Amino acid sequence: MASLREGKTFMQQLPQSEFLTGRPALWRRVAPTALAIVPVSMLFGVLAARADWSLLEVALVGLLGFTGSGQFAALPLAQSGAGFFTLLLVSASLNSRYLPMAFASAARLPRRWLPKAVAAHLLGDEAYATEAQGDSPAAVLMIRATIFLTWVLSGVLGACLGRALPAHWLGSELNLGYPASVVLMYLALSQLRRRLALLPGRRLAILVRLALCVTLSLALIRLLGSLYFWIPSVLATSVLLSWARA
Amino acid sequence: MSQASWLTIAALFATSCLVRIIPAFVTLRLRPGLQRCLQEELPVAVFINFAVYIAYSEIGREPWAAAGSLLIVGVIALGGSMGLITTAAIGTAAYAALLQLPG
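Heads up: the protein sequence lines correspond to chains A and B, in order.
At position 97 of the first sequence (counting the first as 1) the number is 442 in this note's numbering, and the numbers step up by one without a gap.
At position 32 of the second sequence (counting the first as 1) the number is 35 in this note's numbering, and the numbers step up by one without a gap.
This is chain B alone, in the form it adopts within the complex:
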């Protein structure tokens, strides 16, 4: 193994310890309001930021194709009418189709 790959693996493992393993062992003694925030508002905040980040990244790359495709995915996901695989297939197919449109 090369030194560069060792360093990369060590740095990524250290990152995992810092951002995933150590926080799981840290016990936070919080007031009830903050405890509720950690259980309810924080996950909602994470998911809102996921959605915004994905939309921002993909629309920045292919504006029309990503916007159209993610709009379809959003309507399906919020409607709760289809499963994950079907939605992923529809979303990806829509993206590919919109990429082929002229302009």
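For reference, chain A alone in the conformation it holds in the complex:
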């Protein structure tokens, strides 16, 4: 009960004016993010079409295997004849970052098992960063489904373009994923701004804590690589933040 009370208090502390839950307000929140992932998903579709994937295959990999980095990594592996467990190991390693997100957001999912499973499958980086602690299950489902469907449809559109466009039009030096990185950075920093404001302590102490967390995270990326740092780094950063609070 104590933990429930604390959770409710925390949710009530969040600035609700920035997280209106009406349908138009939700659209305003999710639309920019959904638009930002269009070029990334289209790029995946183009690459998949060049690897001789059919439109049905591109649609299915988006629907069932919805994961940006995992899909990009799986394409060359599939072309090189990698087996199921190799593909599973690589994609699970790449997507292990979803574990803490799935645990942390489980409380705001629908209660019935099928909608809950669907909503859990639709979890993505952009959706997690767009959601707020106080969002209702319906709002969470709408945010996730909008981003998910945009991803799938853009992938299919990209595959259509990939068949139509000459190969030399898309040079490898073009960083089509950059707008999505900017969007994710903005969402992450906006969430941090709101959440850090709720942490107890002086502003200087919070900044010192933040600097320590960033340093720790960077050290773990350098040590373990950008593929394997996620779980150790998220856990270590959480421990550091909890320790500083205590």
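These aren't lab readings, by the way, just hints derived from the structure by calculation.
Keep in mind the model is a prediction, meaning the values are calculated, not measured.
Treat each hint with caution, since some may be false.
[Claimed, not checked] Just the calculated beta-carbon pair ranges, DEER-fashion:
1. B:96 / A:550: 34 to 40 Å
2. B:93 / A:457: 29 to 35 Å
3. B:93 / A:428: 44 to 50 Å
4. A:428 / B:86: 27 to 33 Å
5. A:429 / B:104: 42 to 48 Å
6. A:551 / B:100: 43 to 49 Å
[Said to hold, decoys possible] 20 Å max Cα-Cα, derived SDA-like pairs, lysine to any residue:
7. A:461 / A:448
8. A:461 / A:487
9. A:461 / B:25
10. A:461 / B:30
11. A:461 / B:28
Beta carbons: idealized from backbone N, C-alpha and C, even for Gly.
With chain A fixed as given, assemble chain B onto it according to the hints.
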């Protein structure tokens, strides 16, 4: 459909089950301190790692253009003065402009 694409789709779906669907159904009975950590510190930790990962990846690829652009995005996001679309447009335009600079 080819066997390679079936295997890829199956592996990615199995991954989704492992890292997203199953954890959503796992009920963790935690002490209040750990419960608070899951609700408050863990999301903050995830967002810190998002930011560090994006900066590390993009700066590794195009050091000056990404650093300049992400600095602008960071100032805007932390200041809370502009919306997402405007910031994304400014950040991407800054990146493209800095890429054109000599050196």
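Results for each hint:
1. B:96 / A:550: 34 to 40 Å: Holds, at about 36 Å.
2. B:93 / A:457: 29 to 35 Å: violated, 42 Å
3. B:93 / A:428: 44 to 50 Å: holds, 45 Å
4. A:428 / B:86: 27 to 33 Å: violated, 46 Å
5. A:429 / B:104: 42 to 48 Å: Between residue 429 (chain A) and residue 104 (chain B), where Cβ atoms are some 47 Å apart, the hint holds.
6. A:551 / B:100: 43 to 49 Å: Violated - the Cβ-Cβ distance for residue 551 (chain A) and residue 100 (chain B), about 33 Å, lies outside 43 to 49 Å.
7. A:461 / A:448: holds, 13 Å
8. A:461 / A:487: The hint holds at about 13 Å.
9. A:461 / B:25: With a Cα-Cα distance of about 10 Å, the restraint between residue 461 (chain A) and residue 25 (chain B) holds, given a limit of 20 Å.
10. A:461 / B:30: Holds, at about 13 Å.
11. A:461 / B:28: At roughly 8 Å apart (the allowed maximum being 20 Å), residue 28 (chain B) and residue 461 (chain A) satisfy the hint.
This entry does not satisfy hints 2, 4, 6, going by the numbered hints stated previously.
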